[in-house]
Each structure stands twice: as structure tokens, then as C-alpha cells.
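Chemist: Position chain B against the provided structure of chain A, taking the given hints into account.
Going line by line, the protein sequences match chains A and B.
Numbering-wise (UniProt numbering), the first sequence opens with residue 1 and increments by one.
Numbering-wise (UniProt numbering), the second sequence opens with residue 1 and increments by one.
Quick caveat, the hints were computed from the structure, so don't treat them as lab data.
Hints may be right or wrong, so weigh each one.
Because identical chains cannot be distinguished in the list, a pair is counted as satisfied if it fits within a single copy or across any two copies.
[Stated by the list, open to error] Derived DSS-like pairs: lysine-lysine, alpha-carbon spacing no greater than 25 angstroms straight-line:
id	residue 1	residue 2
1	K118	K164
2	K118	K142
3	K173	K118
4	K86	K142
5	K118	K12
6	K12	K303
7	K24	K94
Number of protein chains: 2
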Amino acid sequence: MNFESKLSEVSKRIKSSIIRELLKVANNPGMISFGGGVPDPDTFPRNKLAEISKEILENEHRFVLQYGTTEGDVELKKGYINLLKKYDGIDWVKDENMVITVGSQQALYLVGMTLLDKNSYCGVSRPIYLGAASAFSQRAPKFINIPLTKDGLDLEYLERELEKLYEIGEIDKFKFVYAISNFHNPGGVTMNLEKRKKLVELAEKYDFLIVEDDPYGALRFEGNKVPSIYSLAPNRTILLNTFSKVLAPGLRLGVIIGDEFLIRKITMTKQAADLCSPSLTQRLAARYIQRYDLYDEIAPTIKLYGEKKDTMMKAIEENLGDIKDIDWTRPEGGLFTWITLPKGIDTMEMFEMAKMEKVLYIPGEAFYVDEPDRNTMRISFCLPSHEEIHEGMRRLRRVIDKYAKEKGIEI
Amino acid sequence: MNFESKLSEVSKRIKSSIIRELLKVANNPGMISFGGGVPDPDTFPRNKLAEISKEILENEHRFVLQYGTTEGDVELKKGYINLLKKYDGIDWVKDENMVITVGSQQALYLVGMTLLDKNSYCGVSRPIYLGAASAFSQRAPKFINIPLTKDGLDLEYLERELEKLYEIGEIDKFKFVYAISNFHNPGGVTMNLEKRKKLVELAEKYDFLIVEDDPYGALRFEGNKVPSIYSLAPNRTILLNTFSKVLAPGLRLGVIIGDEFLIRKITMTKQAADLCSPSLTQRLAARYIQRYDLYDEIAPTIKLYGEKKDTMMKAIEENLGDIKDIDWTRPEGGLFTWITLPKGIDTMEMFEMAKMEKVLYIPGEAFYVDEPDRNTMRISFCLPSHEEIHEGMRRLRRVIDKYAKEKGIEI
Chain A
1 MNFESKLSEV SKRIKSSIIR ELLKVANNPG MISFGGGVPD PDTFPRNKLA
51 EISKEILENE HRFVLQYGTT EGDVELKKGY INLLKKYDGI DWVKDENMVI
101 TVGSQQALYL VGMTLLDKNS YCGVSRPIYL GAASAFSQRA PKFINIPLTK
151 DGLDLEYLER ELEKLYEIGE IDKFKFVYAI SNFHNPGGVT MNLEKRKKLV
201 ELAEKYDFLI VEDDPYGALR FEGNKVPSIY SLAPNRTILL NTFSKVLAPG
251 LRLGVIIGDE FLIRKITMTK QAADLCSPSL TQRLAARYIQ RYDLYDEIAP
301 TIKLYGEKKD TMMKAIEENL GDIKDIDWTR PEGGLFTWIT LPKGIDTMEM
351 FEMAKMEKVL YIPGEAFYVD EPDRNTMRIS FCLPSHEEIH EGMRRLRRVI
401 DKYAKEKGIE I
Chain B
1 MNFESKLSEV SKRIKSSIIR ELLKVANNPG MISFGGGVPD PDTFPRNKLA
51 EISKEILENE HRFVLQYGTT EGDVELKKGY INLLKKYDGI DWVKDENMVI
101 TVGSQQALYL VGMTLLDKNS YCGVSRPIYL GAASAFSQRA PKFINIPLTK
151 DGLDLEYLER ELEKLYEIGE IDKFKFVYAI SNFHNPGGVT MNLEKRKKLV
201 ELAEKYDFLI VEDDPYGALR FEGNKVPSIY SLAPNRTILL NTFSKVLAPG
251 LRLGVIIGDE FLIRKITMTK QAADLCSPSL TQRLAARYIQ RYDLYDEIAP
301 TIKLYGEKKD TMMKAIEENL GDIKDIDWTR PEGGLFTWIT LPKGIDTMEM
351 FEMAKMEKVL YIPGEAFYVD EPDRNTMRIS FCLPSHEEIH EGMRRLRRVI
401 DKYAKEKGIE I
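For reference, chain A alone in the conformation it holds in the complex (with noise of 0.2 angstroms):
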């Protein structure tokens, strides 16, 4: 039978990750892959969690191998509030301000499936991190692609599209914008205070939301915290977070927070999804966050993601750093540099001669909703070696050198 036509509209547009297919050569021996943002899972703390596990479900196996809530397991509820009462000075959140998910991918989709619909409008980063987009693209809205600079999204150019939205009409269809604050996914950037406050200010001005992603905040390695959106606008804020940088991305345990009426509302849009969040993995987590300070166990890993960054951003000056125009940036904390070459450089049509010099990293067309910048590429720092991040550089430029001659492209 024709099973295309029997799929729905959303269906027949989707595509699979392209990353997904690009990192499929990643373990090729000889490969330095500059590609996935997956932590190193020999800084899980594996033994600490196989005791907890045979303990929970020896003595607790009443809830753990049991049906839970659609809200979410309470003790690692009470364990995350302690968490944000320690380290952000966040001391109103309750309960039913929080709703725990699979990942901060499922967080993502259910905001999406809550607030939007085809006729909606969101504002997004440009470039966006993929997840939001395939998760938000499931209601088919329009996205207002906001540029990301160095200090965050651009948001006069925000302004000028309310304030067209307005001028048509159609304001009160825009649901809301989303920011990843810190050490932002592919731009490697943080938003400053400055503009932190000047988005929670259009937002009461255009009466909007603000969803806040903040799954790198915890892995700065220099610079001074900044305040969150969240803490500044808590009435309008919707904040995800993840245990996946922190912990483990195997047990897929994210967390959405805001209001208690968007809560209920995100809920019930779980409830139709998978109607509740492992057992398990949740009384895992709250049992390790109760038992160990969740902070000072990565210390040593944020350590060595830190000397990563400072390798390579060392490796990407002297390899390079002589390019014309060429531009990164340079991440206080977080996983990823995001490197823009010069025009006429198609990342993605290069990625063959990479993979032929046996290095990988991820084409930026990868991170539009829109017409791509393809001269831009995404570059992970935290599983390669020190070493291997100098010779991966070397590489590249090999590759950027072969490919700009072959174009004819003047470097």
C-alpha cells in the first residue's frame, strides 16, 4: 500500500537528523570527530549509581518498577529545588512549578505541543539548536529567526518584528521566545545581563513568554554566573534544564518550570505522551542528588572540559587563526565553539574532504529553520584527547586549504 499518503502533514515534511547521518563514520579508526556534544561517559559516576540502583530496587521496588505520577517523581522534585535554593538563590519554586520529562528534548517538544499551533509565531535564535527545531516544527509555526551575536540574540532585530507583528495584528499569536542563556548550542555564547533584562522588558511590553533552556549553565569553566531569565521574570519565564551534562544523558531526565497553570498544562500534554517519566531513572537520580553534592562530583569534569576549551581554542588560533575573515567564538563554559569561514566555503560540501582527512565536525546548515550561513561549522571540545584536538585542527586545515583551492576561493 502507499503509506505516504497516509501519513500526517507534520510527517511527510520531517526529516531525520542530519547529524544523526554525519556522525554515523565518528568511530572509523583513525576519525577525530569535532562532531557530537555527548559528554565522555567514563566521567559517569557508574559505581556510586549501581549501588543506589540495587538498593532502590531491592527496598523500593513499589514505586520504582511502579507506575508514577505525570508530574514526576517528588523526592527528586525536592532534591533539583534544593539544587536551584544552593546554587541560584531560587527559593519560591514548588512542586507544582515543575514537571519532570524524558530529557530536555521531551521538555522542548511537550512546551511546543502546549503553546503552539500552526498559526502561532516563536522566536528563535539563528542559528537554533536542532532539538528545539524538529521538537517545535511538530505544530508546524512560523519562526521569527533572531541573529544570535556575541552576547546573545539580537534583540533590536527582535523589536522591529514585534513591532511589525503588531502593525499586522498578529502579535497575540506570538507565543514566545526561545533562549538558550548560557554557553548557547551551536553559538558557544552567553546572553549578558543587559540583555537578559531587555528581553523579560519586550516580553511584558508585547506580553509574550520566554522559555529559557539552560542545559550547559552548569559547566562554566571561567567569567562570573549570570543571573537567570528565570529569576528575573519568573511570571513569564519557562525554564528546561537536564540532567544529561550533570549526570547521565542515559537515564534522560530533564525538568520544565514555571508557572503553575503552564505546569498543569504541560502535564496533561505528557499524560497523552508517554502518560509518565521511568520509575526508575527518576528515584535514581533523587537518591544520588540527595546522597552526593551534584556539583562538587563534576567539578573535576567541568576541570577537564575547561583545559579542552583552552586547547582548542589555542589549536583553532595557530592552525586558523590566519584565515581571512574567519571568526569563532569563545565559550566560558559549555560544549561547543561555533566557527564562521569565509564566504563561498560550503561546510557542508566540504564535509566529504574532512571525512577523507579523517576529521569530523558539524556543517552549520544543520542549525537553520532558514536559508543557512553554510560557511559556518559547529565544533565539540569535549571528548577529544588534547592531543587529538591539535592534529584535528591541523586536519581542518588541511581540508579548509584543499577545498578553498580547489573553489578557487581566496583564503
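Modeler: Relative to chain A, chain B alone:
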């Protein structure tokens, strides 16, 4: 701010599960609940799972704590493929025909999101499983409510509706029929072989898909196993199953089996929804079914449920048998029976009296997406003890007598 105005159309309409609300009193002292369909947690193999979880966290941490593929753990797929061979004689299923989901609720949800649009039609049983209704409703399709009879869906009714759609040129918008083939929730009935074959004929004639949901099939106490619809028409059937009833619901593991193209599309929807299921719970189940014979392990549980079903049938006969026009289903497996009381009795209204008499059931109106038959109720027999089943039915009779008397309904 006015959050309501920021919600998607679907979220404005969505309601929380009635069952959830009703069962909040289930744990009150002295309460006998025929409400929830949850298995007894003491039947879960907690010590075996504790052993395995410790093992895999220590020895397979690079897998169980890391992101997995959206399709799911190949080890779990391998184990499930073996079960299909061993117990259903289905020997053609490959990895590409299968995606692992976060419980069968997510399976239902992904199927709905991948196949349905607002202008689509789907055929569902009347009464319908609540979880399926809420999952499919996320795309707000048009439901064709097919009456459920003692031997499954009323296919004459379905055929008449299909003819109507054909005549008005809408038949191509009819996407699938959703059928719980064994021990229907809430109906308790099983679709006989003739009807399964007839449904396949209709699917071929009118070119639609069949979504076969079989969470209870393994819980057969008596009678002979009926070949699955999927085994009759693998080319146009999507088979949904879950480990919740045969292993443990807290692991949230479901599976979707079907044509490779559809599975790929469903996988892309899952990629947007949550990226991947937890690696830990998947590998835990994989090692368990590798090491133990799943069905040998649950045989005692099935025997237990079967005995409770017999007790329930006896208790209904003894306590309600003489009520005028009363009818109830006699399940050969699963967890539920469906009672139809005399016209005029509103089981939702009667629920308050039941609470006072300390006996709980699920009012039938929770299981309709059209005007409900208010004189129905779902009764679960898996959790209460034999004594509680008898006492609970005595209490229910008192409730019915009291309610009928007040309303002047002759029973």
C-alpha cells in the same frame, strides 16, 4: 499575564484523566478499589532486576548511561524478536521493523502524531481505551466510534461508515482502525478470528492501516490463543506492545512493530519527542529476557489473575446477577470486566455513594469520545484479594440499591 491565550488549540481543550482524579481516594483506609488496572508490585522480579541493574551499570556504563539511538537498544530488540518467534511463530521481524518506546502510551502517541491530521478519520472502539483517545486527540482527528460487541468490533457498523466516507469522497482521509485485539480495556472482550480476518479484508478493500494494541495478550487464563491481526496482515498492521504487564510498568518500555517505512517515520517523530528512551531501562529489560524466560516467570502471576477473575465472576453473579437487564463481560484474560447496569443509572453520579460505601470502580463515561453510555462501569480484578472482591461486590450492590431507590429506578 493571561496564560490561557498562549495555549495551543488542543491544549485549550485537553482535560486531565478522570481516572486519576477518581482514584485519589483509592488508598483511603478500608477502601476496596476495582478501579486501577495496575499490576501488584510484589509480583515484580525485583531481586533479579536489582542484580542485573548493578551489573550493567558497572560493566556496560558506556551504553546504559549514554545517549542511545532513537530506534532503541538492539539487545532489547533481539530479545523481543526471539519472543515473537517463540510464542507467536512470527519469524520475519527485523530491527528495522521495530522501535522501542517509553511505554505503550508513547507508542499510541507516536502512531497518532505520525498518521493523523485534524481532517483525518480513525476508527476506534466504543468504549475506547482512555490513553488511546488522549494520544490520538493531540491531532484532533475525527473519531469513528465502532460499537464493541462480545466478540470484538461491530464490523458491519464500520463497513457502513466506510461506505459513507467513500461516497462523500473522504475515504482517503481514513487512516486506521485502532483495535485492542485481546482482553479489551475497558471492555474485557477478545476479537475472534473471523472478525480479525474480516477487518483485514476491509483494510484491503478501503486501503487503511490497522493499529493492533496487545498489552494484555500474554495474560490469558483460559481459552485458546487467537492469531494476532499483525500475523494475518503484517504489511498493513502496526502492532503495539508493552513490558508493563509482563515485567514492570515502572520501566516504561513499549514497542512498535510494522512496515520499515512507517517505523522510520514513527522514529523521526520520536526523535522530535524525546530523542531516545532511557538506555538503562532498555538494557535492564534486555538482559532480563535474555537470562530468564519472560513467560515462565509471569506464569504464577497469570494464574493469580485467573483465580481472581473467577472470584470476580462469581461475586458479580451472586451479588448483582438478579438486577434487571444487567450484563457483564467474561474475560479469558487481562485485567478487566465491563458491567452494564439498567438504563437510568449514572455511574459517575453514583460514584459519590460508592465512595461512602468504600468501594471504587471506574465510571464508564471515562471511556467514550462521544456521548457516553452512563450506565456502564469498568471493574478491575487484579489487585484486590479474593475476600475484598466478594466484600466489594456486596458493597457495590448496596450502592446500586440505594441509588436506584433514590432515583426511583426499578431494578
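Chemist: None of the hints should be skipped; say for each whether it holds.
Modeler: Right, here's what the structure says about each hint:
no. : hint          : result
1   : K118 <-> K164 : within (19 angstroms within a copy, 30 angstroms between copies)
2   : K118 <-> K142 : both (7 angstroms within a copy, 19 angstroms between copies)
3   : K173 <-> K118 : both (10 angstroms within a copy, 20 angstroms between copies)
4   : K86 <-> K142  : neither (38 angstroms within a copy, 50 angstroms between copies)
5   : K118 <-> K12  : both (15 angstroms within a copy, 15 angstroms between copies)
6   : K12 <-> K303  : neither (44 angstroms within a copy, 46 angstroms between copies)
7   : K24 <-> K94   : between (42 angstroms within a copy, 20 angstroms between copies)
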